[in-house]
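Protein chains: 4
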Amino acid sequence: MMTEHYITSSVTPLDNLDVLSPYEVARLQDKSQSGLYSLFRQCALAVLNCGSELDSTRKVLDRFHAFDVQISQKHRGVQLDLINAPATAFVDGELIQGIHEHLFAVLRDLLYVADKVESCCDGLDASSAITNQVFNLLRHANTLRPHVKPNMVVCWGGHSIASAEYEYTKYVGYELGLRGMNICTGCGPGAMKGPMKGATIAHSKQRIRDGRYVGVSEPGIIAAESPNPIVNELIIMPDIERRLEAFVRLGHGFVVFPGGVGTAEEIFYILGILLQEQNRKQPFPLIFTGPAGSEAYFDTVDRFIRATLGERATQCYRIIIDDAHGVAEAMREGLDEVTEYRKATGEAYHFNWQLHIPLALQQTFEPTHEAMYGLCLSRNQPDHTLAAQLRRALSGIVAGNVKEPGIRAIETHGPFELCGEANVIEALDQLLQAFVEQRRMKINHEEYEPCFRLATDSKAS
Amino acid sequence: MMTEHYITSSVTPLDNLDVLSPYEVARLQDKSQSGLYSLFRQCALAVLNCGSELDSTRKVLDRFHAFDVQISQKHRGVQLDLINAPATAFVDGELIQGIHEHLFAVLRDLLYVADKVESCCDGLDASSAITNQVFNLLRHANTLRPHVKPNMVVCWGGHSIASAEYEYTKYVGYELGLRGMNICTGCGPGAMKGPMKGATIAHSKQRIRDGRYVGVSEPGIIAAESPNPIVNELIIMPDIERRLEAFVRLGHGFVVFPGGVGTAEEIFYILGILLQEQNRKQPFPLIFTGPAGSEAYFDTVDRFIRATLGERATQCYRIIIDDAHGVAEAMREGLDEVTEYRKATGEAYHFNWQLHIPLALQQTFEPTHEAMYGLCLSRNQPDHTLAAQLRRALSGIVAGNVKEPGIRAIETHGPFELCGEANVIEALDQLLQAFVEQRRMKINHEEYEPCFRLATDSKAS
Amino acid sequence: MMTEHYITSSVTPLDNLDVLSPYEVARLQDKSQSGLYSLFRQCALAVLNCGSELDSTRKVLDRFHAFDVQISQKHRGVQLDLINAPATAFVDGELIQGIHEHLFAVLRDLLYVADKVESCCDGLDASSAITNQVFNLLRHANTLRPHVKPNMVVCWGGHSIASAEYEYTKYVGYELGLRGMNICTGCGPGAMKGPMKGATIAHSKQRIRDGRYVGVSEPGIIAAESPNPIVNELIIMPDIERRLEAFVRLGHGFVVFPGGVGTAEEIFYILGILLQEQNRKQPFPLIFTGPAGSEAYFDTVDRFIRATLGERATQCYRIIIDDAHGVAEAMREGLDEVTEYRKATGEAYHFNWQLHIPLALQQTFEPTHEAMYGLCLSRNQPDHTLAAQLRRALSGIVAGNVKEPGIRAIETHGPFELCGEANVIEALDQLLQAFVEQRRMKINHEEYEPCFRLATDSKAS
Amino acid sequence: MMTEHYITSSVTPLDNLDVLSPYEVARLQDKSQSGLYSLFRQCALAVLNCGSELDSTRKVLDRFHAFDVQISQKHRGVQLDLINAPATAFVDGELIQGIHEHLFAVLRDLLYVADKVESCCDGLDASSAITNQVFNLLRHANTLRPHVKPNMVVCWGGHSIASAEYEYTKYVGYELGLRGMNICTGCGPGAMKGPMKGATIAHSKQRIRDGRYVGVSEPGIIAAESPNPIVNELIIMPDIERRLEAFVRLGHGFVVFPGGVGTAEEIFYILGILLQEQNRKQPFPLIFTGPAGSEAYFDTVDRFIRATLGERATQCYRIIIDDAHGVAEAMREGLDEVTEYRKATGEAYHFNWQLHIPLALQQTFEPTHEAMYGLCLSRNQPDHTLAAQLRRALSGIVAGNVKEPGIRAIETHGPFELCGEANVIEALDQLLQAFVEQRRMKINHEEYEPCFRLATDSKAS
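Residue numbers (the working numbering), protein chains in the order written: chain A, 7 to 467; chain B, 7 to 467; chain C, 7 to 467; chain D, 7 to 467.
So here's chain A without its partners, still in its complex pose (with noise of 0.2 Å):
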């Protein structure tokens, strides 16, 4: 309706996100490599193409080449200009409210990442530093709130997905709002918007005024998964496994839409912490979900599952087919036991402190074609390790599609190569082959190429 054009304007925070320093302002606008500017432009921009359909990050940095954000202090606080910025994030020359608070986010986060980044943790093994730092970032970010009963539902699922797909994640998202649950994404469209919209309508039924639509980030992804402006609490954590923990410490309950290689990551990220042994005695609602015609995906993984990690692994989550009212209703039930049992453990509601996460999920994973190659893909190996490695396995499927540096990776070297034993390199042949033609594996599936090659590894044999 509106031919694509680009605004140049300038915006000032509300709220105390404008009391900055000087020394701020310098490391914002400092285009150094250590400096942050390269950094916020890229964030900024994805927070500002939020109405687009590009799911490459290069893609939109092309587009919007054109495109800076310069800031300056003035006397009553910060002011952000933005020069050739993405008119779909204006309405009638003013940028839309939310998508202001997600460009305040962003430098918030980016900051506060930058100035702790050799903050002290004296006496912390590298795990609980790891715990620690993601614990910070979400308090800083005002994310945390104690005193108030387990409530927040982490929704995950793919951010191109079918159209009764996307109506059915709106309906499941309005049953748990109707029953006051708040909502954590991704943040981008799909299976990210959609329970954010139908909880939207539920809150405003309820008259929940505060309603929380939690968007959680990071700089790799969030060009591809744009947060959408009803996310109303963005929190960009520095790296991918920062991101998934703080999903999973901050979630008290989990559902999965259809979607993707990422959701399968996402997937198999739980899977890893949830066969652990220290974690088997808390209760952690997880359910699959999808409406009528979507069976196959969660067929496919639950598939997948069983060939590699084995029975043991169903066990913890639930698959529902085409019910919203009963996924909400086994919510309810299951932030019941989760509030029981921090209750009577004394675990605080705003923090899953006691879960474990083993250091191998948390460190990063560079998908480099050598790490790629060297992943360990074999049965012979505790269920909980080899879903730590086809988590990393999987993130790095993503990042050759999506992400930035995977795809020039690629670009030049070539597809990564995967090999493993034969029965987990099958089942992985069979759930990637699946994702292709259910036209999971990208927006544009016509022109898909995979970023990946299968081997039987002679290692694993």
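Derived by calculation from the structure, the hints in this document are not laboratory data.
Bear in mind that the values here come from a model prediction, so they are computed numbers and not experimental data.
Don't take every hint at face value.
All copies of an identical chain are treated as equivalent in the list; a pair is satisfied when it fits inside any one copy or across any two copies.
Here are the computed lysine to aspartate or glutamate pairs in the EDC-like style, where the Cα-Cα straight-line distance is at most 20 Å [said to hold, decoys possible]: (1) Lys155 x Glu376; (2) Lys155 x Glu100; (3) Lys349 x Asp68; (4) Lys65 x Glu443; (5) Lys37 x Asp74; (6) Lys155 x Glu423; (7) Lys65 x Asp131; (8) Lys349 x Glu339.
Assemble chains B, C and D onto chain A, guided by the hints.
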């Protein structure tokens, strides 16, 4: 998904609606002719039945004949006991908060009207006294907000419209909401719900936490058009005429979506006002709009207006097809003009005192067979007078279709007889015929049987 | 420090008090007998004159004879133009916000009373109708807050008291405020201001942001006891009897500080109620208190009560000297009992419906010479009846001292004549004599000339 | 009225102060040298002891040697267990809310400072790094409010002043509060409490619900000047120099009431800044004021300034005696100039970045005997440099009077020795002599024994 059943529950009001006197409680429990019990029960049921598809008051009352509402004073306030209430109003045994509020809005307005029945207006003429009552009722319901720039858009249209039309009303509401506008409707389903739903999402994106979704109803229509729970300000006017006056004095801009005879009635009511000489100078944004595929409705109405009131009347409105963005832009401009005019003339923003409404449009019209027969449907009178007569004719047809006393009258005495000048009657015939063909006469089209008979009037010729 | 002068200024209300109808604006501007102008001007002046030492309505009206208030509708609401208003109400040319609110509270209540004059109470007896009016007025002023545990302490006492007494009232208010109690007084200076000041500091320390400082006045007394601006809920009752009823139905506990005849009137009003058989079971915390050095006042009053009503009456109250902490502790216990009793009997927290007030104490008493002479001051009647008669006698003396019509009547016809049984008259004589000696009769003690003459009644003997 | 005793109780924070990590809880419980336990216990005790008259840290610690504070995580947040806490902090067994908040403000700031100790300020010089730390700490405490017109008035003066002086500070605070100004003090009793009390009443009359009563303290002084509970924003800076910098960067106007050596120290600190060439253009309202009868203090100080820094320094301040209204008017004008200047120079309202503070005034001064002896008290240096030296001398005397380490040093090594140019030393001698005579040296004047010895310096001559 749920089998229909009943719930018995107790609710207490928030706020100060529970500060009732024993005298008021007694009135609400009074089952005598002069008591409020029966009216309160009927409206309470309508409010609780919001999810239902029934559009006849009688059907609603029949299905829920076992429903009862009892009121009592508890040490901390008032308590309502709902017996055999529609289960759809509850989630996990708790009344949906929006419906909860509606119950007490009904109570508030019925008590107010009852108390004020003989209220003093010494020295006011009949027309001013009615306007004063409308004002007092709206003020008492806290609907009038001074110091706020004109932003209230009244949306009219059918409660039973096609899916594409419903989606379109959502989209228009979304575009209005993005621009900070609030929505006021007759508060039922269809075109009365869609714009509120769209605006809710837009307000969420714009972080407008105090978005207003005003529903204006009256006891005779509420059962057929149960308020949807998004409505966060429900007002029950004492009758249809005061309800219409509330709309035009409260609203700053008007959007008409496709509807049926009720919508046409509203159009003729507003034309009867705008054609008054005194109102000529006042900017009054009035837009008829629908999606591609719904042009027929406005063609029909437009043709009927030209045939009866003449060309002049067509200058009062603008028809925009399939352009939600365009509607919002036009409304934005219209509201700016309204703001300018109110400022220039020293008029309040919150209530349009300047609008001249002739007594003929204010007086209650009881659509008896006699009254319907007595209408003067001839072009041999000023256009605004004819508009008022046609508004009554259409009002009677709505009553015969969905209102309890109307339906009963038709059952007893047969269809209403309408007669008038041949051209007018012919035009009316075509209008109603077209509505039947477009399936706009009633929800259940199959069994629709006209409640009227047209005849060229020997009086008028 | 400032020379007295006048300021002319315009003010607009906050909130929705500026949503007036043209009809209401006309009433406020109506200078005819039935119009509200003159009453409004008088009360507005009283409110604006809050810093003054004048305690006679006439003196106030004289000094500010050039004062005028005009009301007009502006496009965004109502505007009040204040002409030659007391400069003490302004800071740097801006009206003090508290006084600003008082102006519109006056407007609100005068309009409400005027509108309701003929209001319907079909089927209510005279006493219930008066109580209903008191309730309606308080509710309309938003003074009734349900769901709040009893915490409203009414403080009575002189508006012109010694410095040590004033400091003590502050200290008592501070101790009450520390315990979360709110304060309600007649809203003038002295004992009506001190407790509010103390409670303000205590509420600040306890972070109670919505502390309530309720002032209940009436047009006849407001000029002599201008509301102090700490009062954040001002209510203008139509007359002294409704004002007293408002106190006892609104308050949960009662503290009486030293005062003059007005305070004694309040004591006899409350005794006239508490001695009723129906009220015997109700807990009703009533504490007389003052600092060391003020024992004389309560000795005098206590002796007078014993001499007239007898010992039984002394069980209704408790005298605590020089122990602010003890007063607060006793009140805390008293309020707990009130809470228990209201819960047990299903009575509202926000309005004491159960308290039986005899019609004799509700009916307006016009202190004419005839009426004063006609009072029955004899012990040959039930104690509560005598209490009501004595309340009227004391009320008449207050009127003769400070109220405009009373003063005028005395000037014309000489002092009131009061006569009755020898013992009663003698006790009354001693009481009034002691008040004169204690300098409690009027601010300007030097020129005090009694407005009454006592005589042993041949009727009563 | 109450016999002194102890209370043991548990408190939980409101807000998000109870979102602590296990790591932070461990630090607070750590009784080792590097742990926070001992500092936290000391400050917590000071905060709880606010009603006391003791002005020596050691006396406080002695009386409450059995006091302990323990911290634990509960399932919903943090809990503090207070053991043998001063009973004066409680009302009916409940901690006064203001004190409650202060406890958690202490916790917040101690943790923040501890965490930031090694915080990065790459590329900042020493002076900027200190300013940056002050800024970060104030921002973290949510003290910086952008978009608010300059209205923060810092009040300095003695914590132990005569009754008439105390009343006067209340009156000045009242007049400032009536004009919408907020108050910032060192947050103890006396001149640090009076202005807040007066402003509280004024804010109540002006319906300013978010009046700010900011108290800035530091661990070394807090026990001697326990925050009064009116303070609704308490900040614990790490040391005296950062505390002083917080005052001057946060405040927009400055009022100095009579005080003792500490007040004189503050005066020389500010003169050391204002005499800097870079600060000459900046409007900086600085008013010395006291009631009639307190002229002597400012005479003494003024004479000392002239004798040491010279005439030029006297242009930095204005002395107003016994005119609270005049002080407020002058401050109003001063703030208007500040506002204009900040606007014109694009400076933030919330933090005075432009004020140049020389490193000499920022660096921590440890008042050892050696350091005191080493001060250069000669006029043979720029006036601002001498001001900085005199500020240190006075700071050392305060330490020797009331601070724990200072008192211990004096006990061990005898009085500090100060030496310098004859004229300066003589002037200093007169100043301190006059303070002793005016009884401004310590609360308990009788036993006052000087902690210093003056000697004309052979170095300087």
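Hints versus structure:
no.	hint	result
1	Lys155 x Glu376	neither (45 Å within a copy, 59 Å between copies)
2	Lys155 x Glu100	between (37 Å within a copy, 17 Å between copies)
3	Lys349 x Asp68	neither (51 Å within a copy, 40 Å between copies)
4	Lys65 x Glu443	neither (25 Å within a copy, 51 Å between copies)
5	Lys37 x Asp74	within (12 Å within a copy, 51 Å between copies)
6	Lys155 x Glu423	neither (46 Å within a copy, 62 Å between copies)
7	Lys65 x Asp131	neither (40 Å within a copy, 42 Å between copies)
8	Lys349 x Glu339	within (15 Å within a copy, 35 Å between copies)
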